[in-house]
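S.K.: Going down the list, the sequences are from chains F and V. First residue of the first sequence: 1, per the working numbering; consecutive thereafter. First residue of the second sequence: 1, per the working numbering; consecutive thereafter.
Check before you lean on any hint, since a few could be wrong.
[Stated by the list, open to error] Computed footprint of chain V on chain F, listed as stretches where at least three residues anywhere in the stretch have a Cβ under 8 Å from a Cβ of chain V: (1) 56-69; (2) 188-194; (3) 452-466.
[As the list claims (entries may be wrong)] The following label-pair restraints were derived from C-beta to C-beta distances: (4) V:Asp-413 with F:Lys-115: 52 to 62 Å; (5) V:Trp-101 with F:Pro-182: 48 to 58 Å; (6) V:Arg-260 with F:Glu-365: 39 to 49 Å.
Everything labelled a hint here was simulated from the structure, so no lab data went into it. A quick note: this is a predicted structure, and the numbers were derived from the prediction, not measured. Each residue gets a CB set at the ideal place from its N, CA and C atoms; glycine is no exception.
Protein chains: 2
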Amino acid sequence: MRAERIRTIIYSVAGAILLSPLAIAGESVGRLQIDHSIIPEDLANNAILLREKALLDNLPVDIVESITTEVGPRRVGTEGDKRAIAWAQAKFEELGFDRVWTEEFSVERGWNRGKVTAEIVAPYPHNLVATALGYSVGTDGDLVGDIVEFATFDDLLAVPEGDSLKGKIAFVSFSMADYEPPPEESEFGGYGQGTRARGRGHVEAAKRGAEAIVIRSVGTDNNRTAHTGSGYGYEDGVKKIPAAALSAPDATLLQNMLSRGGPVTMKLNMTSEITGPVVSANVIGEITGREGSDEFLVLGAHLDSWDEGTGAVDDGAGVGAMMATAALIGQMDERPRRSIRVLLFGAEEIGLVGVQAYGKAHQEEINNHVLGAEVDSGGGRINTLTSGVGDDSVAVVHEMYKLIAPLGIEWSDANDATGDSDMGVLGRAGMPALGFNQNSNDYFMYHHTPNDTFDKIIPEDMRYLVAAYAPIFYLAAEMDIDFRK
Amino acid sequence: MRAERIRTIIYSVAGAILLSPLAIAGESVGRLQIDHSIIPEDLANNAILLREKALLDNLPVDIVESITTEVGPRRVGTEGDKRAIAWAQAKFEELGFDRVWTEEFSVERGWNRGKVTAEIVAPYPHNLVATALGYSVGTDGDLVGDIVEFATFDDLLAVPEGDSLKGKIAFVSFSMADYEPPPEESEFGGYGQGTRARGRGHVEAAKRGAEAIVIRSVGTDNNRTAHTGSGYGYEDGVKKIPAAALSAPDATLLQNMLSRGGPVTMKLNMTSEITGPVVSANVIGEITGREGSDEFLVLGAHLDSWDEGTGAVDDGAGVGAMMATAALIGQMDERPRRSIRVLLFGAEEIGLVGVQAYGKAHQEEINNHVLGAEVDSGGGRINTLTSGVGDDSVAVVHEMYKLIAPLGIEWSDANDATGDSDMGVLGRAGMPALGFNQNSNDYFMYHHTPNDTFDKIIPEDMRYLVAAYAPIFYLAAEMDIDFRK
Chain F
1 MRAERIRTII YSVAGAILLS PLAIAGESVG RLQIDHSIIP EDLANNAILL REKALLDNLP
61 VDIVESITTE VGPRRVGTEG DKRAIAWAQA KFEELGFDRV WTEEFSVERG WNRGKVTAEI
121 VAPYPHNLVA TALGYSVGTD GDLVGDIVEF ATFDDLLAVP EGDSLKGKIA FVSFSMADYE
181 PPPEESEFGG YGQGTRARGR GHVEAAKRGA EAIVIRSVGT DNNRTAHTGS GYGYEDGVKK
241 IPAAALSAPD ATLLQNMLSR GGPVTMKLNM TSEITGPVVS ANVIGEITGR EGSDEFLVLG
301 AHLDSWDEGT GAVDDGAGVG AMMATAALIG QMDERPRRSI RVLLFGAEEI GLVGVQAYGK
361 AHQEEINNHV LGAEVDSGGG RINTLTSGVG DDSVAVVHEM YKLIAPLGIE WSDANDATGD
421 SDMGVLGRAG MPALGFNQNS NDYFMYHHTP NDTFDKIIPE DMRYLVAAYA PIFYLAAEMD
481 IDFRK
Chain V
1 MRAERIRTII YSVAGAILLS PLAIAGESVG RLQIDHSIIP EDLANNAILL REKALLDNLP
61 VDIVESITTE VGPRRVGTEG DKRAIAWAQA KFEELGFDRV WTEEFSVERG WNRGKVTAEI
121 VAPYPHNLVA TALGYSVGTD GDLVGDIVEF ATFDDLLAVP EGDSLKGKIA FVSFSMADYE
181 PPPEESEFGG YGQGTRARGR GHVEAAKRGA EAIVIRSVGT DNNRTAHTGS GYGYEDGVKK
241 IPAAALSAPD ATLLQNMLSR GGPVTMKLNM TSEITGPVVS ANVIGEITGR EGSDEFLVLG
301 AHLDSWDEGT GAVDDGAGVG AMMATAALIG QMDERPRRSI RVLLFGAEEI GLVGVQAYGK
361 AHQEEINNHV LGAEVDSGGG RINTLTSGVG DDSVAVVHEM YKLIAPLGIE WSDANDATGD
421 SDMGVLGRAG MPALGFNQNS NDYFMYHHTP NDTFDKIIPE DMRYLVAAYA PIFYLAAEMD
481 IDFRK
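Work the whole structure out from these sequences, hints included.
M.R.: Written as structure tokens, this is what we have:
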């Protein structure tokens, strides 16, 4: 709260002193040298006004406050998921979207989280903070076993299959926070490394005879809140063993005990269980273009969340940013030429299930998806814009980019964006995409934990997000550009 | 872990390049201008060597690792408390202390924490993260009531006694993090404000008819981990109502719901209960002076902790710093002239119970306590040294101070220190004291929460702590100064 207040004050000063002088006259004809043979001057000016308006408009923050307060946790198939679907429809209506609809899909399996207790019983008794990984089976009462530590998932794979780990609980202690990625990996290569054990550890440990697997949470924080995630991934013919994540401090405690050399015995009790099919839905809101709905831009985020926090950074921030971006464009004097659709996908967290249903239902009209992007990396600011469009239109996107460069955004000419998260499914199917790469430091501290709550949202940063998206998507809606490769 | 590694590297560089050149020759005769008519040159040089050795010695960190790993939570009267007492005796022996003993005391009441569940049932269902405040009674099943918010404890007091809050759950939403203390209050005036409701809210709310009280956690963090504390404080003739603290994000959620104007209904279930008397002990380790034990310096910390974390910053850091300070002096070629006693008090958290027993048992020899200090503000660095001694000896303490000034410590000439925490009881009884004021930013984020774990200890800062205490207490042990007022 203190941080928020201070930032608001700083923001007001920044808004008044630093940003306004950049607006309109200075930029449209001045030092940013926008080529008006590519972006007509009136459109450029409108885009700048939109950007400046977004910087002063708390709407994206209010939307996150609304979904985290009025809905809260919304894991697929739960009551919270149903409330989220109803909330999203009502919010689109309230914000003046022209068309609002849901597209139902079914999910083969549901899951009850149940309760988890994890204790060290020897050599030193301790209660641990743990969370069941998604779609884990339960333990069927107390499960007691000695811990065998693996520094990485590869170290676990290196153990022979069979009964190497018979009677044991495997523990992958890989730390995303400590990981130093090799040069070919991105800054968040540690997330990719960590999710290998999170996603398949229970299968590979079971192949080696283990009774259960626990991993160090895949996150960068050192809070006593464990990161859940993954899910949905047992393999036929391999014993289904329980899988849990320990909070970072508890993983460190376990390592400190193991470093003393003697056996360390854990007792695990999990009542989670896989259930029958559940139904969920994608929710779509459209600002209908003045020339109709045949061509539309798509702004994506996911509506579902894991069930321990209230889904603020993952992905309330995306819902807030995308709804607010389209709503802001919808507040202009006239509707944009092309339509803008906000796609709020269901069941992202268990493996992009909602977008796959969407992709199937809309495969005939993939060419109508003019351009897409998704926010699913928290509420942090954009640091780099990358296009993923046809060679002919890269120069247009770069010209649009100049209008948001004053927000401190760099340009990357890799032209390899396919859209993040859900939107990547559509990008790989041929939809042109933009990559708005964000600062995700907070995201990897809080996402998938009880700590993913509204107070983690930094209002100024959320406003910056919308200020980056709105001008670009406004221009793409107005201009007659074919972004396809 | 990453932070630790980086700090270690920085420290090594600092140790090699920045600190060593200050040592010995430069300081003892150079620009710090130590008056050797007050502090003999050989003692000053020994003190500097001790300081430099402390900066390179990980012992205080290892001690915190040991107690947090091998003991963990150690609330008075629990099995953990018993383990801590045994651990402390063994650790003193292992570190070569000359005399080690315990002094038992009894505590009138014990307490079982039990379980707490807190939910919002309307208008929007949410599970909240809450913790029972110390020695709270339970709820006797589900307790359901509408929330009445008070921004401060004074606002609660302003409501008439009687049945103003009948059927309600009082909620004091005061935020330590947001508090801006008036000029006459210290930087942590917010802690004092917050602990008013934590310590007496259950009495004052009950006088006004409330069924229970919940407060926003008294802390500066925004993690989903609630701060317990206080305890032991019902009043005869006033109904005993349950008291709990919400994590900061949950308190914010509740406020956001209340800001919508309608009633907000909470369901609280707590199984905590007050029990019969328990026994605990203070544990004392002595480096016996070469002239015997008649005069001794006392280094204090508390051995007990709250029971949700492993008691790293509160007060493992104090235990580690004080044990290591005395042990380091004990490693010198000869024993110091006066004895040094490390007093590890029990039952501090429920109201300084252990030190009161100590004070009673040792009241005849309060004059033998030459000088005392306590670490109970976490493992952060010292920013200011204040004396609390007779006017004649202030100049001596100031001269000693010059030997630790290179650690970035300021001098305060208030001469009003009475010793922190437990040690204040002895200070107010006449024992001369020093106030080593620390950076407590981390402390107020983590203490009394599940998040108070070993990973929060910053090794370099712990070494700085010992480097500040050891030279001062070495000199006070060697020199024939009467610090009494």
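S.K.: Run every hint past the structure and note whether it holds.
M.R.: Hint check results:
{"no.": "1", "hint": "56-69", "in the structure": "holds (count 3)"}
{"no.": "2", "hint": "188-194", "in the structure": "violated (count 0)"}
{"no.": "3", "hint": "452-466", "in the structure": "holds (count 4)"}
{"no.": "4", "hint": "V:Asp-413 with F:Lys-115: 52 to 62 Å", "in the structure": "holds (57 Å)"}
{"no.": "5", "hint": "V:Trp-101 with F:Pro-182: 48 to 58 Å", "in the structure": "holds (56 Å)"}
{"no.": "6", "hint": "V:Arg-260 with F:Glu-365: 39 to 49 Å", "in the structure": "holds (40 Å)"}
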